[in-house]
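Let the sequences and hints guide you as you build the complete structure.
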Amino acid sequence: MSQEKKYGLIAEFETPGAVMHAAEKVRDEGFKHWDVITPFPVHGMDQAMGLNRSRVPLFTLVGGAIGFFGGMLMIWYMNAYDYPIVVGGKPMFSPMYAFPVSYELTILLAAFGTIIGMFLLNRLPMHYHPAMKHEAVARASDDRFYIIIESTDPRFEVKTATTMLKEIGGQNVTQLED
Amino acid sequence: MISLEETKSVNESLIREARPASVPRRKLVENDRDFNWITERVCGIVEGGTPTWWWVCLLVSGFVSLFTVIGTIYLIAAGVGVWGLSNPVNWGWAIVNFVFWIGIGHAGTLISAILCLLKQNWRTSINRAAEAMTIFAVVCAGIFPLIHVGRVWFAWWLFPIPNANEIWPQFRSPLLWDVFAVSTYGTVSLLFWYVGMIPDLATLRDRAKTRIRQVLYGFFAMGWRGSHRHWSNYEMAYLLLAGLATPLVLSVHTIVSFDFAVSLIPGWHTTIFPPYFVAGAIFSGFGMVLTIMLPLRSIYGLHDLITQYHIDCMCKITLATGSMVGYAYAIEFFIAWYGANDFESFAFINRAFGPYAWAYWIMITCNVISPQLFWFRKVRENPAAVWIICIFVNIGMWFERFVIVVTSLSRDFLPTSWGYYSPTVVDIMTYVGTFGIFTFLFLLFLRFLPLMAMAEIKAVTPQADPHHHDQGGSH
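Sequence order for the protein chains is B and Y. Under this note's numbering, the first residue of the first sequence is numbered 1, with each subsequent residue one higher. Under this note's numbering, the first residue of the second sequence is numbered 1001, with each subsequent residue one higher.
To be clear, the hints were calculated from the coordinates, so they are not data collected in a lab. The C-beta atom is built at its ideal place from N, Cα and C for all residues, glycine as well. Don't take every hint at face value.
Unchecked claim - Reference excerpt, derived from the structure (chain Y facing chain B, CB under 10 Å, subset only):
id, residue
1, LEU1204
2, PHE1343
3, PHE1346
4, ALA1455
Written out as structure tokens, the structure is:
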């Protein structure tokens, strides 16, 4: 019974190289619900974990498109449709004069899209997570590297997973409370 | 016919011969410091006791910033007549200061965004402070056009909302483009800075000893835990923000220059303005980055993180952009002559030899001559000399904007409307006060937020490479 309450297993590694080679093995074992915790982005870890390309760019594109066309539409509505005023004999609407503002709005909304996308895809802010209850994991923001295998993974079984984590070089393999 | 195997072996021996000798790269972190040393050194600034000099500087800068506060209140109460503005010079120090401060900010974005895209790893130890500088410079810049509109209580007419008569803002004016450019710049710079800081805030949270620190750093760290699934999206987002900030920073000073270039005033109405303004902005910004970073480096003993290599790189960018600015000055003169427009050539001869010649030659000395000293390695290796040259650059770039704004306006098409502009004490005090505001904000940043991007610095150290310990590995 108590086993069902456990969040998973955590193992510690000392170098980026060690954790990456270990991650490659966890990936090859076929685990799906697992994670690597590192103090900085380790180059090549995406492939080592078998992650797909991030989907943040989609959010950026949508934000940018809304910014540009929204800006053009706004300026046309305000200066040429809702209350047209002749200024210096210039046309009521022209994409030329509307461009600088639409350009800035493209960048502004694309930046909003990027940040919203990053937070949504990462499910942040998340101020509670079982991994953060582990005392030693605070060093993951300093100089230590961790691999966590969650108990929800279909291939998860405490004994075999523990042995595997030890075999691939993990130290202080412990169970995480949920 | 040779077999595939043979081609392969021949190619490999050829490649081995043709491969250039590996050139040793300059170290970005000296003395082989480990990850923990970097964390301790950067967090130590925030976690250690408050130094006395910090309190002294904070009080002095707080006092100086009162000049801007009092100057602004007086201006709003009495009207723009308290400034030295009058016909024909209706854009005086306020606009000069606005362009000056906005330009300062540009180096921060250049370091964080453009150098990120160009994979210049040396940016990592200076980008955080440079971005902070950008944001505080934009804060100082934003004050001036706002109070310059005269009746500040109508400043909301600049926003895309209808006024009491249901009239919308007029988007054919470059001044309105400027509102959008500067506010977008401020917002995106702030977001970029904050997103870059999230992993470092998590480090501070994990090390926090007191409850209030745990709660505050914990809140702003958004629950970051260093998961690689997060890093993957985070790095993509960071790269995209860098990609967005690059065209942004180039467009902001372009649009600022449109304020001048789209008008018909001789000396303003030139197509060289956008690139020339952007180069000048980066030039002044690097001057300010070095002005700030050199003292910080020696106060906090950051010589292993901000190395001579970093200073060299920054000096060279200052030299390159300073030379571009000098070239632009020369081209302006050439075009004024080549364009065969009497008003245009008069405007330029008047700049160099008219009543404001003193300002013009201060500008030339500081901006064109002083950075040329960076050609010499001896100068670049002497922090005191670099610092003094950078002060000259800051002064020179302020004068550049003064020369552009004031000399052009004071000599219009008609001699009957000529005039000579002098600032009043309110002008001067309001400007001096912004240095107080800037320093005050920067000191707060220094005390409470991570001065350097720890995660990024760790990532560029040799031991961060996963293949660092594989000797002759397969990769």
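Would you check whether PHE1346(Y) satisfies its interface hint, that is, whether its CB is within less than 10 Å of any CB in chain B? Status violated, d = 26 Å.
Minimum Cβ distance from PHE1343(Y) to chain B below 10 Å? Given a least distance of 21 Å, the restraint on PHE1343(Y) is violated.
Does the nearest C-beta of chain B fall within a distance shorter than 10 Å of the C-beta of ALA1455(Y)? Cβ of ALA1455(Y) sits 4 Å from chain B, so the hint holds.
Supplied contact hint for LEU1204(Y), tested at 10 Å Cβ to chain B: holds, 9 Å
The structure does not agree with the numbered hints 2 and 3 stated previously, though it agrees with the rest.
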